[in-house]
Structures are given as structure tokens and as C-alpha cells.
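Kindly generate the complete structure, drawing on both the sequences and the hints.
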Amino acid sequence: MMHTFVVYVENKPGVLSRVVSLFRRRTFNIDSLTVGRTENPEVSRMTIVTDADTDQARRIVANIYKLVNVLLVDDVTGQGALLRDLTLVKVGAGQETRGQVLQLAEVFRAHVLDIAADSITLEMTGEETKVDRFLELLAPYGLMEMVRTGVVAMRRGAKSPTLATKTMHTVTEDESVSHSV
Amino acid sequence: MTMGGKEKTTMTGAMALWKSLEREGVRTVFGYPGGAILPAYDALKHSSIRHILVRHEQGATHMADGYARATGQVGVAVATSGPGATNMVTGIATAMMDSSPIVCITGQVGSKLLGSDAFQETDITGVTLPITKHNYLVTHASEIAPAVREAMYVAKSGRPGPVLIDITKDAQQGSCEFDFEAAAPKMRGYRPDLSPAPSEYDRALALIRAAKRPVILAGHGISVSGAEKEVQTFAEKTCIPVAMTLLGLGHLPASHVLNMGMMGMHGEAWVNNTIQEADLLLAFGMRFDDRVTGNLKNYAPHAKKVHIDIDPAEINKNVKVDVALVGDLRKILLEMNARIEPLTHPEWIEHIGQLKGDTAVRDIQNLPDNGHLYAAHVINDLWHQTRDRDSIVVTDVGQHQMWEAQYYKHERPRSLITSGGLGTMGFALPAGIGAKVARPDADVWVVVGDGGFQMTMAELATIVQENLKVNIAIINNGYLGMVRQWQEFFYDRNYEATPLLNPEFSKLAEAYGIRSFVVNRRAEVIPTVQAAEAHEGPVLIDFKVDQEDTVYPMVAAGSALHDMIRRPNPLVETAEDE
Numbered sequence: 022m023m024h025t026f027v028v029y030v031e032n033k034p035g036v037l038s039r040v041v042s043l044f045r046r047r048t049f050n051i052d053s054l055t056v057g058r059t060e061n062p063e064v065s066r067m068t069i070v071t072d073a074d075t076d077q078a079r080r081i082v083a084n085i086y087k088l089v090n091v092l093l094v095d096d097v098t099g100q101g102a103l104l105r106d107l108t109l110v111k112v113g114a115g116q117e118t119r120g121q122v123l124q125l126a127e128v129f130r131a132h133v134l135d136i137a138a139d140s141i142t143l144e145m146t147g148e149e150t151k152v153d154r155f156l157e158l159l160a161p162y163g164l165m166e167m168v169r170t171g172v173v174a175m176r177r178g179a180k181s182p183t184l185a186t187k188t189m190h191t192v193t194e195d196e197s198v199s200h201s202v
Numbered sequence: 153m154t155m156g157g158k159e160k161t162t163m164t165g166a167m168a169l170w171k172s173l174e175r176e177g178v179r180t181v182f183g184y185p186g187g188a189i190l191p192a193y194d195a196l197k198h199s200s201i202r203h204i205l206v207r208h209e210q211g212a213t214h215m216a217d218g219y220a221r222a223t224g225q226v227g228v229a230v231a232t233s234g235p236g237a238t239n240m241v242t243g244i245a246t247a248m249m250d251s252s253p254i255v256c257i258t259g260q261v262g263s264k265l266l267g268s269d270a271f272q273e274t275d276i277t278g279v280t281l282p283i284t285k286h287n288y289l290v291t292h293a294s295e296i297a298p299a300v301r302e303a304m305y306v307a308k309s310g311r312p313g314p315v316l317i318d319i320t321k322d323a324q325q326g327s328c329e330f331d332f333e334a335a336a337p338k339m340r341g342y343r344p345d346l347s348p349a350p351s352e353y354d355r356a357l358a359l360i361r362a363a364k365r366p367v368i369l370a371g372h373g374i375s376v377s378g379a380e381k382e383v384q385t386f387a388e389k390t391c392i393p394v395a396m397t398l399l400g401l402g403h404l405p406a407s408h409v410l411n412m413g414m415m416g417m418h419g420e421a422w423v424n425n426t427i428q429e430a431d432l433l434l435a436f437g438m439r440f441d442d443r444v445t446g447n448l449k450n451y452a453p454h455a456k457k458v459h460i461d462i463d464p465a466e467i468n469k470n471v472k473v474d475v476a477l478v479g480d481l482r483k484i485l486l487e488m489n490a491r492i493e494p495l496t497h498p499e500w501i502e503h504i505g506q507l508k509g510d511t512a513v514r515d516i517q518n519l520p521d522n523g524h525l526y527a528a529h530v531i532n533d534l535w536h537q538t539r540d541r542d543s544i545v546v547t548d549v550g551q552h553q554m555w556e557a558q559y560y561k562h563e564r565p566r567s568l569i570t571s572g573g574l575g576t577m578g579f580a581l582p583a584g585i586g587a588k589v590a591r592p593d594a595d596v597w598v599v600v601g602d603g604g605f606q607m608t609m610a611e612l613a614t615i616v617q618e619n620l621k622v623n624i625a626i627i628n629n630g631y632l633g634m635v636r637q638w639q640e641f642f643y644d645r646n647y648e649a650t651p652l653l654n655p656e657f658s659k660l661a662e663a664y665g666i667r668s669f670v671v672n673r674r675a676e677v678i679p680t681v682q683a684a685e686a687h688e689g690p691v692l693i694d695f696k697v698d699q700e701d702t703v704y705p706m707v708a709a710g711s712a713l714h715d716m717i718r719r720p721n722p723l724v725e726t727a728e729d730e
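So the sequence lines, in the order shown, correspond to chains A and B. Going by the working numbering, the residue at position 158 of the first sequence is 179; the numbering climbs one at a time, nothing skipped. Going by the working numbering, the residue at position 513 of the second sequence is 665; the numbering climbs one at a time, nothing skipped.
One thing to keep in mind: the hints can contain errors.
[What the hints assert, rightly or not] Restricting the straight-line Cα-Cα distance to at most 27 Å, the calculated cross-link-like pairs of lysine-lysine (DSS-like) are:
(1) 449/B <-> 483/B
(2) 483/B <-> 87/A
(3) 308/B <-> 381/B
(4) 338/B <-> 160/B
(5) 338/B <-> 364/B
(6) 87/A <-> 508/B
(7) 472/B <-> 483/B
(8) 483/B <-> 364/B
(9) 87/A <-> 472/B
(10) 381/B <-> 561/B
(11) 364/B <-> 389/B
(12) 456/B <-> 483/B
(13) 308/B <-> 33/A
(14) 33/A <-> 87/A
(15) 364/B <-> 508/B
(16) 621/B <-> 696/B
(17) 449/B <-> 381/B
(18) 456/B <-> 469/B
(19) 33/A <-> 338/B
(20) 151/A <-> 111/A
(21) 364/B <-> 264/B
(22) 469/B <-> 87/A
(23) 308/B <-> 87/A
(24) 264/B <-> 33/A
Hints listed in this document are in silico derivations from the structure and should not be mistaken for laboratory results. All values reported here derive from a predicted model rather than from experimental measurement.
So, in C-alpha cells, the structure goes:
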């Protein structure tokens, strides 16, 4: 199943390559990875989506923690976290189909970024499944170009772990094994 | 300069490097100079640190590794950029796999040239990313002291490992305010001190109390944690037999009644069988390497498993366990020893005695003398002769390493230094040099095959140059013996590329001014070892052993742990292989 990890790292050169290198050499597969700034200029934040079972997910968390620049790993899978993915898509649309494409865009709350004689470029932000559905419906008009950013995630409400306290964080538990890191 | 170090002092980055290392307690470094590290070498004359010039940078890393393993202190190696740095890769990977604390310092081209494919430029932080615990690229003099202090701390704490610091030439030449105290590690994300939840103790203790056929699996983590005494106390109090990993040997005296000896691919057959019949495995500072488990599908199928290790990433990596206690082994065992009541397992111990079966008959030590000199005889005699002294045996990789593990009975921790995880041929000679430098009072015996010796034998010059009393025992069978053994068993005796054309090692030793001996018969083994011990300087003994002897027992790769190829029992089986 897809696991989503939010990884807080020190904002230092080379940290991204350390994380990516870890996934490669442990043969964990990355489905998507985003990295960006946070409210704290010393901290960068990654959202990593990977296909893993529960046990692999725990090993991934433990391995990421071995990287010296990693501050915190939060497995938000199944936590009802907010997951968003931004997509830019250029669809073939001449005079005859332009209206239909614009209608779809409105229903899915996609923004129109550019209209040309034979194409429309749309921006859409949403959960991956919603974006997937939107793209499916656009497909018959001809997807000329498409790019997705990958998922960014955030827990709802006040549930997010805080970096201020340097307490031990409990890794995902299951019935058979639990341990703290 | 003030010894208290509370005042800031202006100095070059190169000087800050040596001062930081000095203040971190480093007395010796192993290195090889070159263009990009020259500013550091130029400043060396102002430092109290002893520099040992090696003959190849790989040697420097193995020496630092041997130094670290002999003492538990961080070993330090120095090299220049480019080829100097890439030559360190094998030694770094070796230290990584065996959790050995070393710090490697490399010069790098000037920061303005980075990324330009300048002469002798290599992205060594990129190259070593997957084989270091952490690494640093330092481009300013002011970053050197903090990097050194962090590196020393990271290398030694938690699960130890190699750390590399790549320092640009301009960072070495630049000037900085040296303030050792202010350079103390400030690492927000690094958490080497983990401890298990209290409930995990309860669950582990419940399994231990309920077990009828428990076994302790003792690994390298014991000496890393300094838990030798606690392991012995625990084993004695609970009356649980102990099987050792290769790197665990010596952490419980071999003569201890509960010490069964080595498990795994070339472990004792009855020890492997004991593990397969166990109902509880207690893994102490070991990582269920494929060489100790055999095929995982039918590994210890009846056993519950309790894993104590400081690295959470090891939990459930190879073997799914029932309880995991992540943290420092010594601290955890102190708690367990306080809470566990004395236990006994008389039936299990008696049963294990029966599992030994015809082991003694199959032992090559008990076979009638046929005039051949066997490696196992050499090592057993070496043990008999050196056992009462403070001896450290440093092995290479291959058949001789396994015979050493089987026939040299280690009574003390850190008395065996060997490349386990990476299996690095060429490790023994430089690692032995490192061990001798670290422990000058100990007798160091380098036990090495004729193949591995030739990989790093350039370091003979280092031995002579530093006047180190290192004893070298070449187990010379004229083959890459372990590879030949695999060809014998699994490749239809097609001995492709395994016979070796060797130089006369004794003459080679003489060329370096090293005293040498050649031994062809068993009767000569002990007198020659005695002569080697009596000689003041370094000694090389060329033991010309049986060419096609085989390490038994053997669990073939992919086979179950109890599925072993055994040495033929001469009383019931005809040795038709001969």
C-alpha cells in the first residue's frame, strides 16, 4: 500500500541526495518526492510517497532516522492527513471542444492559465485521486503536455508533531513489535 | 595557544585540523600526502600527533580500522584528493559493514575549482555517501573544528561507523578563530542514545522465563557496548548457552562452559543444530547476517526471537522478531540481570551435549597424521603457543579466516580482528599494523592467506619503517582457497583463476629486512612460532599447507542452517573425495 512520510530535515546542502540515496540502496521505491522550505528557515520538509507494507514502512522510517541531518519522520498514512498534488495540463481544444473542456475545468475547480487557438492549459490542485479522475476525463481531448508536482502532506488540526521538543518519537506500532526511537 | 582552550586563537584551517584532533584525544594518524592535503601536512610539524606514512591509502583506512577495533577508540586516516580519496573506499566500506569507528580526512581541490573536473578532483562525499555513517565537505577554515568534533562524535556514538571529512585546499590555507569549546557538536537530528520502552522488558523477560530451549546469539555489539561482563552474568544467571558470530568471538571466553562457539556458514554443526531446535533466540548485538542464518525460510522455525540492538533499522530487517529492545546492550542487560531470577535448563543442556555427536571424530585435529601440514593444525598450534600471552590475531578473509575462527580459542574481547561483513581481502596486514600501533604491548599475529597478503603486502615497508613487531603467518596453499572450495562444491571442480603463482615470500620479507621462516611440517610449527616470538623485530612465516583442504562444516549459500556439508567421518565413511 502507499505510505506517505513527512520528513523534516536540516536545511543543508546534500541532504536531499542522502535521502534519495538511502531509498535507492535499500531498494525502496519512491513513488513521489517533494521538498521545500518551511516556516523555519533552518528546516526543509519532504513528503515522500512510497509503496511499502507496514513492516517495510517501519524499516524505511528507521533507516531515514539513521541519516544524521534528519530531524523527524512522520508517517501520516491513514491519519486522514491533507494530501495535495498540483498539476499543469495542456489539453487539445479547438473551437468545437473548448466549451466542453472549460466546463470540465469549472466542475473540477481547475484554473485556466492559458488559452491558445488549439489548446487550453489548466492548473489543478487536489488529492491525487481527484486529479487522476480529472485527467481521465480530459484524455479524449488529447493530453498534449502534463506535469505533476507530487504529493505534499500535512496533518489536520493540532496533530502535527513539533520539532521544538526533542522527545523520543514512537515509530508506528503493530501488535507484534514496538520500539521507540 | 592555551591548553584550556577557552580563548580564541587565530590559526590556519590546517592547524585547526590538527589541534581539533589533538583535543579529541587523537595521538596517531595513518596517512599519505598529496597536493590537495599539503597545507595540512605542512602544519603537522606544529602538532604532537604521530603520523604514520603508509604505502597505499587503502592501508591507511585498514590501519585506522585495526586501531579502532583493538581499542574502541576512533582511528584516523588521512589522504589527498582524487585517487588518494578513492583508494580509501574499500577501507571505508569495510569499517561501515563492521561498525568500526574511523574518521577519514581527505584533501580536496580549492573551493572555487569544485565541480570543474580539476586535476585530482573527485566528488568523494558523493562517492562515499552510501558507505559512510556521515560525511562532510568543508570549504571554510572556520568549519573545520566543528566538522572534526562532530565526526569524532558520530563515528563513536550509537552504532559506530566511518565518517569522512573532505577539506578543500583553501579551507586548509584560510585562517580562522579556533575555539574548541564553541565547536562542540550541536546536532539536532542525531539521536544515538535510544532506550526501549519498559513494556518491552516485560515481554522479553516473559519469553525468557517461558523458554525451554533458549540460545543466546552473541555479536560484535557486545564489545561496542562494553557489555562482556553483563552478557556473561546474564548467561550464567539464566543458564542459557551462547552461540557466537564471527565478530562476537572472544566476547565470552571460549573456555566458558556456556560458550558453544561459532554459528553460521562455517560454524560448528552442533551449534547450528542447537539454533534450529531452539524455542527462543536472544540476539545480543548481532544483525542476523545471511552468513549466520542460512536460508531464512527455515531458520530457527520453532523459536521466538528477542532482538537487542542499538540500531532500530536492524529490527525485522532479515528475521522477524517477537520483541525488540532498541538501545545500548550493556544498559539493557544491567536492567535484565536485575530483574531476571536464576533459571536452569538441565534437559536442554544435556540435549545439546548429545547434539555434538561425532563432531570430535570428524575434527581434523583428531585425524591421524598423514604427513600433510594442515592450516587447522597451524592455527591450533599457534593458539597453544600464544594463548597465555596478550595476543591479538588479525585475519584476512577466506579459508584461513574460518579455520582461525574454529581453531583459535579466543578468551578475551578484541583479541580477534577480522573483516566480517565486507569480507575484504588485504585487510589483515594493514589492520594488524593499526592494532600494533594501538596496543604496542600486545603480541600481534597477522594470519593471512597467500592471496590476500599479496593485495596489501606493500605495507611490509610501513612495518619496517615504524619498527613494529608484527608477526605475519601466511597460510600458503597456492590457491585462492575459499573460492577454490566453492568451485569444488558448486562448480564441478573447475578451478578457474584460483591457482596462484606466488613469489618466495621469505625472500620478499628479506628484501624488506624482515626475519622469515618457511614451515612445511607440523612438528616445525611450534618451534617456529617460539622463534618468531623471541625475535625482536617483525617476522614472516610462510606456512606451506595442504593445497586442497576444505573448511568444514559448510552451509551452502541458500541452504538451511542445519543442512551442512560435513568433513567425512573416517570411522564410518570412506573419504573417496581424496
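Discussion item. Hint by hint, where does the structure go against what was stated? Just the numbers, ascending.
Written reply: Violated hints: 1, 5, 6, 17, 21; rest satisfied.
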